[in-house]
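K.L.:
Each chain is listed here by its residues.
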Amino acid sequence: MHALTAYIEGVGLLGPGLKDWPDGRAVISGQQPYQPCKTVLPLPALLPAAERRRSGAMVRLTLATGLEAIVAAGLDAASLPSVFSASGGDGENCHAICEMLASADRQISPTRFHNSVHNAAAGYWGIATGAMTPSSVLCGFDASFGAGLLEALVQVVVDHTRCVLLACDTPYPEPLHSARPIPDAFGIALVLAPQHSAQALAQITVGLTDADADRLDDAALENLRIAIPAARGLPLLRGIALRQDQHVVLDYLDHTRLAATIAAC
Amino acid sequence: MNPLWLSHFTATSSIGRGLDQTLAALRQRRSGLAPCAFDTVDLATYVGEVPGVDAAQLPAHLADFDCRNNRLAFLGLTQDGFDDAVRAAIAKHGAQRIGVFLGTSTSGILQTELAYRRRDPATGALPADFIYRTTHNTFSVADFTRHYFGLTGPAVVVSSACSSSAKVFASARRMMASGLIDAAVVGGVDSLCLTTLYGFNALGLMSEQACRPFDAQRNGISIGEAAAFALLERPPEQLDADAVRLLGTGESSDAYHMSSPHPDGLGARLAMQGALNMADLQPSDIDYINLHGTATPTNDAAESKAVQQVFGSRTPCSSTKGATGHTLGAAGAVEAVICALALRHGLLPAGLNTLQPDPALDVEYLLENREQPVTYVLSNSFGFGGTNCSLIFARAD
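Top line first, the protein sequences correspond to chains A and B.
The first sequence maps to residues 308 to 572 in our numbering.
The second sequence maps to residues 420 to 816 in our numbering.
Possibly wrong hints are sitting among the right ones.
To be verified - The following residues of chain A were derived to be distant from chain B, with all beta-carbon distances above 12 Å: (1) Asp330; (2) Gln338; (3) Pro343; (4) Gly430; (5) Glu481; (6) Gln506; (7) Ala520; (8) Glu529; (9) His562; (10) Cys572.
Claimed, not checked - With the Cβ distance kept under 8 Å, some of the chain B side facing chain A (calculated, not the full set): (11) Glu532; (12) Leu545; (13) Ala580; (14) Met594; (15) Asp673; (16) Ser678.
Hints are computed from structural coordinates only; laboratory data are not their basis.
What you are looking at is a predicted structure, and each value in this text was computed from that prediction instead of being measured.
All residues carry an ideal CB built from backbone N, CA and C; glycine is no exception.
Please build the complete structure, drawing on both the sequences and the hints.
P.N.:
Written out as structure tokens, the structure reads:
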């Protein structure tokens, strides 16, 4: 099996009952009980006031998780290529546009329109951090976490660069929520590096497999993993949190999954 | 990078289905733009609509994917023997060793726009026949493509607005270089929908006429739709002289504004320079630039500055959006195929609709087709959110 190796230098995490990586690490490694509660998205301090106020859930989520991971790694966000992977864009905004387009007055606002692109969060990320580096913006429906992790790993391995992965999902309001029932906002960010360094938390080696994806022992966390595409990365985070060598299988496409070997640094 | 071979490619847009019609339209300088008669749209604008999209019937087992975007994808995949080429590649490399990398901006959102007209008056619910996953969701066109071919390798949609299907070449390049796959189906599909038509109208970026890139009087884009695909493989030891190779990809972000390019084209310059560096070429090596050239005042001004700074004022260039319209998430792939035709047939396509080139834009903008040997070409694709991608293609000889 062909495999890709990288070092994890920083982790960002935000989701229902998981308020950041130190908190989430304690929960997913079993040191603290998991108590689900609605995700609280912080206002992005780095954005100018007007953009900050209007920023959607995806923008807030990616800035919160991405910056947590990058600060933990002691790096400058402007220096890192980024990979954004999400199963959908800004759900509230999409609903508002579809509602207006079905009404007698179709004059949607310019801001609504430019916020409707799947790469809106990546655009605001650039404005907030000043990063002129390449940004890959991906979607794989339920396979979005795996697609993002593969793209990030391949960048690290082939282009010999550090890179930040931002895997995030946010809910749609009704009526789209019934068609795509993502329950809450959830995001994982990882800083990946090609070489070992002082800040490395773990080495990961990832390849394709047809084995079944690992489940989480805690029923509520397992529900989260299944309900939100970005949360399919939780078994990887659990492996990093436990700080011991292990193999995990992450969900990806219907017949193809990712086998990851995790070695603590 | 190790060059990659575009072993097969095809494009379907308002100027034609497949390569023969596309090449003929370019040679005859025929535009596919016409006054907008799409759906119930009441905007005074021109669009590049592909005739017959809604008559396309997806294979029965893929009926859940039925929407305008996937119908257009299906039309595109079945032109020029592209589907046979993919099946031959599967026989050669195996279904798990071929990746799918497709660009789209709006995917099948038209399906949701239409469903919102049929909401239950009491509950507000969407109609029972609406399927989000296989139509609206941004991944649906890649999912459709992998199911159509039975591919089980890595698959993804790149959705960074109008750079989407240029950036798929960069993602595929990396994954092929990593050794994870041996071939890649790359491309872009975007189809007409109300979100983009009313959205660009709201931004004041849509022309009431057929768009006039680089014209002094340019006043906005014309939206088009298209499906374009290429099969990327590692080149064999011997390639035909007119075989087309991908030599370089350059990517950057503006970090400037959500819907306006950096006024000096700084991000665009980084992308072009990045592609030249990867291809190990000098600016003077490039015979033709297929511009992003949307015909908005700001894009063309910023892009011309960036081109001028990297290449000077003598490199022949044009935007083919006067022919196809701006096909948004499909534009990178459509223009990659036009570049491949330029290389194969020695044709530098003129920009259409442009009557009076803007004297403030200091580039060699082509108003007439040129027939000449073409060895290296560069294609630009830029998008909302300040996303930039440049690609360099070359003949094998």
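K.L.:
All the hints need checking, so say for each whether the structure fits it.
P.N.:
Hints, one by one, checked against the model:
no., hint, in the structure
1, Asp330, "31 Å, holds"
2, Gln338, "35 Å, holds"
3, Pro343, "25 Å, holds"
4, Gly430, "3 Å, violated"
5, Glu481, "7 Å, violated"
6, Gln506, "24 Å, holds"
7, Ala520, "15 Å, holds"
8, Glu529, "22 Å, holds"
9, His562, "5 Å, violated"
10, Cys572, "22 Å, holds"
11, Glu532, "5 Å, holds"
12, Leu545, "5 Å, holds"
13, Ala580, "5 Å, holds"
14, Met594, "5 Å, holds"
15, Asp673, "7 Å, holds"
16, Ser678, "4 Å, holds"
The structure fails hints 4, 5, 9 (numbered hints given earlier, in ascending order).
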